[in-house]
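Residue numbers (our numbering), protein chains in the order written: chain V, 119 to 801; chain L, 119 to 801.
Calculated directly from the structure, the hints in this document are not laboratory data.
Keep in mind that a hint or two might mislead.
Pairs involving identical chains hold if they fit within one copy or between any two copies, as the list cannot separate such chains.
[To be verified] Below, simulated EDC-like cross-link-like pairs (lysine to aspartate or glutamate); rule was C-alpha separation at most 20 Å, straight line:
no., residue 1, residue 2
1, 741, 272
2, 645, 272
3, 208, 192
4, 303, 750
5, 741, 263
6, 180, 705
Keep in mind it's a predicted model, so treat the numbers as computed, not measured.
There are 2 protein chains.
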Amino acid sequence: MTDQSSDPLVIFTPSGKRGHFPTGTPILTAARQLGVDLDSVCGGRGICSKCQITPSYGEFSKHGVTVRDDALSDWNAVEQRYDDKRGLPKGRRLGCQATVQGDVVIDVPPESQVHRQVVRKAAAARDIIMDPATHLYFVEVDQPDMHEPTGDLERLERALREQWQIDAISADLSLLARLQEVLRKGNWTVTVALHQSHRDETPRLLEIWPGLTEDRIYGLAIDLGSTTIAAHLCDLRNGEVKLSSGVMNPQIRFGEDLMSRVSYAMMNPGGEAEMTQAVRTALNALTDSITTEAEIRPNQILETVFVCNPVMHHLLLGLNPVELGQAPFALVTSEAMSLPARDLDLTAMNPNAQVYLLPCIAGHVGADAAAVTLAEAPDKSEDLVLVVDVGTNAEIQLGNKSRVLACSSPTGPAFEGAQISSGQRAAPGAIERIEINPETKEPRFRVIGSDLWSDEEGFDLAIATTGITGICGSGIIEAVAEMRMAGLLDSRGLIGSAEQTGTPRSVPEGRTHAYLIHDASAEGGPKIMVTQGDIRAIQLAKSALYAGARLLMDEMGVDKVDRVVLAGAFGAHISTKHAMVLGMIPDAPLDKVTSAGNAAGTGARIALCNVGARREIETTVRKITKVETAIEPKFQEHFVNANAIPHATDPFPELAKVVTLPDLDFNTGGGGAGGGRRRRRRG
Amino acid sequence: MTDQSSDPLVIFTPSGKRGHFPTGTPILTAARQLGVDLDSVCGGRGICSKCQITPSYGEFSKHGVTVRDDALSDWNAVEQRYDDKRGLPKGRRLGCQATVQGDVVIDVPPESQVHRQVVRKAAAARDIIMDPATHLYFVEVDQPDMHEPTGDLERLERALREQWQIDAISADLSLLARLQEVLRKGNWTVTVALHQSHRDETPRLLEIWPGLTEDRIYGLAIDLGSTTIAAHLCDLRNGEVKLSSGVMNPQIRFGEDLMSRVSYAMMNPGGEAEMTQAVRTALNALTDSITTEAEIRPNQILETVFVCNPVMHHLLLGLNPVELGQAPFALVTSEAMSLPARDLDLTAMNPNAQVYLLPCIAGHVGADAAAVTLAEAPDKSEDLVLVVDVGTNAEIQLGNKSRVLACSSPTGPAFEGAQISSGQRAAPGAIERIEINPETKEPRFRVIGSDLWSDEEGFDLAIATTGITGICGSGIIEAVAEMRMAGLLDSRGLIGSAEQTGTPRSVPEGRTHAYLIHDASAEGGPKIMVTQGDIRAIQLAKSALYAGARLLMDEMGVDKVDRVVLAGAFGAHISTKHAMVLGMIPDAPLDKVTSAGNAAGTGARIALCNVGARREIETTVRKITKVETAIEPKFQEHFVNANAIPHATDPFPELAKVVTLPDLDFNTGGGGAGGGRRRRRRG
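Bound-form chain V, shown alone (with noise of 0.2 Å):
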């Protein structure tokens, strides 16, 4: 195979390899010896059609070849009878039939390489390589003979290392069952879906299909939040998130948040067995609405991956979360779990799915944070990043390639809309984007479901089937960062009064005012506004948000990050600019703080594509220091600095005329006169 042999040269693009091959060698059979990666599932059979290749002709002078027509054998009979079947691409021709006759180029298209890059938006983190733990594999099996009395699993295993050089499979006893039947039916050919997530693993037998299947199978990603459940489902070849659905988490009626939670478990004896089953039941049905959408069959979906926070990680499975609610809340365990779907009763897919679920952290920094490490990679970044996960905990990492810290803080469930009087999650209906004019204090909003702002032409006929139900979790942030901005607000988060603002629609609401953004009751609907309460509400998520920031940087002896990266549930749709002026996170350079949407979604999609980076996390998170917010004193101390929403600040010009607000000051009794009360409380 050197360039001085007499063999024609093969030349393989794009990976540029190369190397002289007898003529009559198979393409499929150059690519392999020389590591091109060219798909197969049936092995060179003429079957499967995965290892489909695009052969060029003509003068190749940066290569130093001359690819004549004859370069490759003729179309053959076995091509002919798939493209009669299944159609072939113009120009393709199938790598196991096409033998080389000549100096040849051959182009892999990435759809027939088995390790390609999933698709993703520029601004990815990183790209997804496919390198899936399932692959499929089609065999030809030898019949029984009485005078060589092998088991059929011992025939199969026989095939497998013959025809893919795969030493030993390991099976369930479900498979055992079905393997008789399945063998016979496929008259001694049988494809095969085996799992192998290390190296020295012996593969799993996941699922067999009688002859070549052309089921497609698929994988879960999973983000189990406190509130809600996001489950990504991809194909397993390519990565293709087929389909993405999502559920509330029907542990809410156990506990808003995480520590009612584990007080639930605490106080009601077989508690966590409750919320064990009730997470479970909700997954069944969200992965039963999921293959009934997109029409596959249960059986096929053969991976879950799985990230959430460690309690939400203990609830689903099974393990009591009582001493994650108390000091030095210990984790039963915080290493990578990999586990049969039937051990966590997940019933709606293959009972033998293979369940992956990311390591934990720390018993407050979970699985959840250890994909956005695995999506946004901190760990690797050159300059100093602030890496902020907001759900109804925050997950927070700091750091570089050097070192990175990591924290949780209780926000709670106001940035997701929940306990917001007129919260909601993020659906068709929910006000999404806000803005307040500072002259007339009159907003103007879009709701999930039009593009449309509320004082466009057409806006009551894009919104007339969802109609205007509530704000969600990005709404009301957007919503109180544009009342400080307005002047409706002070410094300490009071709203002012009609008079003191200047506004009909600061309205009393109590003892206190509340701002109507819109109002349908005349019309029987609600009436969306933003109560005193829900300022509060914001006040201490993001208190807790910003102290843990604080802290982290503190314990890296930083006054400043060089960006802000905000990830979540609802981070695609965060507004940066409201989120400084909130004073959720630390001041950066505006250009610096980038929203990275569901990064723990996609951290668990990278799990779920590619082994290696199982490995990866597995290792990383070893090397991540965790500070517990719960015993620092200076978390309470920078949280309670926090409570007031900051003044605007250089970095952000465009928001000067908030600084002409300093003084501003509601108090219930009057302006001025909180101020002052205050700095006699803390004097």
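We have chain V; now place chain L onto it with these hints.
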């Protein structure tokens, strides 16, 4: 540690291992460094007392040392406390407490050895050396620390690594769910049971106890036969059989023999599941009765080894056995299997108990035959040995260290007392031995439960509670052989009439005759006799057995064997002399025919107690040549030829009187004619 050292010399007996150790070295430490087999569960903390040793004092000219009274450190407080609490035998010290002070000779008593030998009868073909897959380890686990947030499991693993050099473990969710509570209950000390069947396998956590447990751990060795299920409860520390128990296999209601059960599965959709459920229920009931009788908790049973024929193997595992009912008799899997008890719904033992099934040799030669191979080791025999395991099927092996052949022969359940008019299983009240006086034709017999013969004084009193209820397998074999020797039966197996035999015990039974052994009908008791149908059943069974053995001899190219080993559930009770009169087995010198008792059960015990034996048999079965009786025309030929009950031959001078009976030929129509008719038929 050379003999030139000035450090004291420590000599261990019985191993003879010796070395020099600095003054102050604990004896346990010295033993470990020398590789002396000295047990310890607590790792040298002076609480488990497993490392008891006996120092010797005085002059040992053989070893060239004189041991002074102060060769070991003084009896210390730890030993005193242990002695007060539980008592140390006189002369014993704790190896972890007593330290070297001078030259010393230390005896390690058998009960302090991990790999002690299990005490067995002298006749046993092989020793059982304790080396079970499951061991107990006591560990002290670090408490959780917020500043180093590892899970409890990871800290347990760290403790095992540091205190026992065990790298990592795997644990089922059900154990993880209990881990935190047990760790805290034991004040951060626990005893764990770890299972490891290969050196390169990750040890599996099977059970966990707070502190140092006093629980013993057990394993079940189960011989799962078509007719009966026999179980031995073995102490996993010393291999002692604490209890043996058995029940009938409830699958009998689906068919007496294996093929009728396979037919049941063929004819009835879901029939195999019914049978699986039936046998698992029986196993649970049996296990339940064993734990109750042995006064242990179900959780203490941590291992189970099954030996069984291929059909029972599949039905136990929930695999459809229909392929085993037709050529080519393909097994689902022939390899050995390991799986948790819960996968087989074995709910009366620890759900994490590890179940091991020996490999099957072929579609008709199962894990029970493999167990016989393990126990009787034909593959290690210098001379040519025929090993016959008699059950509802007979598994026959023929071989020596250069080659072993195996086959299975369908004897039916007659040898187990089933399908015999007065037959019953071997239980108190059953006739197990019988002699018939050739002159008077009068029988004398013994029943299970008494050592007296029926004509001895006190017999009636001895059997007063049990009564005489029927004939068991060994009894019917003796009865038929004795009838032949007493001239009550001709060579074709016909029972003579009272006129022909000269005894009123020959009674009419339809168109044939029966021999009356015992008649208690006057007192409302049973009439125990051997009918012509019984003779036919025994003839069929023994012909099948003989034909199988002959087939293997043909394959091996031999006309005789050096020795014969009779095994089987009733192997211990079978009279070798009578078996040879009957023609069950090929001729061999009578002193070379031995009974091995329940060799399959013994093989199960060996596999339970010694994990190396599992690897050994897995390798051995692959080398055995399987012979399929069902497709060998010669088998039919041998079978037909073996139907007669042969005349006595030279090896049995004591049967010379039988030689006077060659012409005995009872025909229903009269003496002599039958033989003639038979000759005509075959002519």
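Here is how each hint holds up against the structure:
1. 741 to 272: Between. Shortest inter-copy distance 15 Å satisfies the 20 Å Cα cut-off; intra-copy 43 Å does not.
2. 645 to 272: Neither: 70 Å inside a copy, 53 Å across copies.
3. 208 to 192: Cα proximity of residue 208 and residue 192: one copy only (15 Å, versus 92 Å across).
4. 303 to 750: The answer is neither: 65 Å in one copy and 29 Å across copies each exceed 20 Å.
5. 741 to 263: between (55 Å within a copy, 17 Å between copies)
6. 180 to 705: neither (52 Å within a copy, 85 Å between copies)
Hint violations for this structure: numbers 2, 4 and 6, all remaining hints satisfied.
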